[in-house]
Amino acid sequence: MNPVTFEITHVCRQSGARTGILHTPHGDVETPMFMPVGTQATVKFVSPEELYALGAGVVLANTYHLWLRPGEDVVAKAGGVHRFMNYKGPMLTDSGGFQVFSLSDTRKIAEEGVTFKNTLNGDMLFLSPEKSIQIQNKIGADIIMSFDECIPYPATREYAEKSMLRTLRWAERGKKANLRPEEQAIFGIVQGGEYEDLRHYSAEKLVEMNFPGYAIGGTSVGEDKPTMHKMVKWSAENLPYDKPRYLMGVGAVNDLLEAVSLNIDMCDCVLPTRIARHGTLMTSQGRLNIRKAMFKEDFTPLDPQCDCYCCRNYTKAYLNHLFRCEEGFGTRLMSIHNIRFLVKLMEDARTAIKEDRFGDFKTQVLNEMKFDERGF
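According to my numbering, the sequence shown is numbered sequentially starting from 1.
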């Protein structure tokens with residue numbers, strides 16, 4: 001029996017977008033949803049208690065980083081990642097593949113796995129599909145991911161096909177290697193670069209392996225927005241309708257809304273906390289740079305439409321002051337706001353779907369935000 005199951009609760013008559021419930025060993029969460037990223041078993045500057053208050057459901061942790069520090073055995077001895085970081089909701093771990101393949105200068109890919117240099121001390125390490133699942137089994141998240149290769153954009157068709165076929169073989173090996181199938185659900189990952197037929201083939205073969213859920217990888221790696229959206233569409237077309245779909249590494253507003261349109265149920269990204277550290281904020285009127293001098297004496301809330309702790313209690317002038325003084329409290333407040341902004345965006349999307357008006361909602365949000373080409 002799969003430890004993670006999915007239930008579709010409503011399909012929007014206007015747009016075809018859907019809502020659902022993801023049932024996990026650590027609770028049920030509504031979809032579509034945005035998942036904050038806690039790379040090293042912590043969402044940067046935000047406590048688990050604050051995550052609950054923000055309405056976060058599933059939180060991610062990073063296999064590669066936890067493998068290096070403190071080590072998967074330490075996490076296992078702590079009782080698993082939930083107890084280790086004191087997060088009581090559902091959790092997901094990535095495979096470590098994205099981090100490994102970003103080390104293009106130091107890694108060597110073979111059928112067995114990937115050899116690469118430890119970014120902390122320079123030691124040579126080896127990660128295979130079996131090793132990735134073994135580490136994730138010890139970390140103990142509710143959802144674990146197949147080991148895959150995230151290829152760069154652009155890539156030749158020859159390389160994309162070779163990589164995709166190897167990722168399929170790795171997916172099969174990883175599924176067999178999962179020693180906790182009744183506690184941890186493993187998702188397969190669709191790859192294939194910017195090639196429609198390769199994306200279709202990848203999805204078809206993964207479905208034959210009968211995973212409890214499916215992810216779409218290899219997007220948001222430098223391609224333009226229309227290309228990215230096509231890659232997501234092609235990947236989703238051959239996935240089973242009644243299983244959860246997870247678009248990896250996407251957090252820009254227009255991308256999230258496009259994903260919902262394509263019946264994607266789960267999205268994650270480091271974007272909200274990363275840009276907060278640089279003073280960039282997502283608001284209902286678009287992107288805002290709190291560093292600007294124009295906010296020095298602006299005593300209005302950051303976003304009057306936001307219900308987060310930051311917007312209910314502090315002003316733009318105060319955030320401007322904190323950022324200029326390099327005070328950590330400012331980064332905390334801005335991280336809280338950005339995470340809540342995306343969580344609430346998906347809450348509002350779910351409401352619009354249930355009221356059969358998601359198409360109108362999507363158009364309205366995109367018109368009001370006046371975002372730039374990155375979609376903030």
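Simulated from the structure, these hints should not be mistaken for lab results.
The reader is advised that the hints may include incorrect statements.
Below 27 Å or equal to it, Euclidean Cα-Cα: the simulated DSSO-like pairs (lysine-lysine) are [stated by the list, open to error]:
no. : residue 1 : residue 2
1   : 162       : 233
2   : 225       : 370
3   : 243       : 225
4   : 175       : 225
5   : 131       : 117
6   : 225       : 176
7   : 108       : 175
8   : 108       : 88
9   : 117       : 88
10  : 344       : 233
11  : 230       : 243
12  : 205       : 131
13  : 131       : 162
14  : 205       : 243
15  : 233       : 354
16  : 205       : 230
17  : 233       : 370
18  : 108       : 77
Hint check:
no.	hint	in the structure
1	162 to 233	holds, 21 Å
2	225 to 370	holds, 16 Å
3	243 to 225	holds, 26 Å
4	175 to 225	violated, 32 Å
5	131 to 117	holds, 16 Å
6	225 to 176	violated, 36 Å
7	108 to 175	holds, 23 Å
8	108 to 88	violated, 38 Å
9	117 to 88	violated, 34 Å
10	344 to 233	holds, 24 Å
11	230 to 243	holds, 21 Å
12	205 to 131	holds, 22 Å
13	131 to 162	holds, 22 Å
14	205 to 243	holds, 15 Å
15	233 to 354	holds, 22 Å
16	205 to 230	holds, 20 Å
17	233 to 370	holds, 24 Å
18	108 to 77	violated, 32 Å
Consistency note: the structure conflicts with the earlier hints numbered 4, 6, 8, 9, 18.
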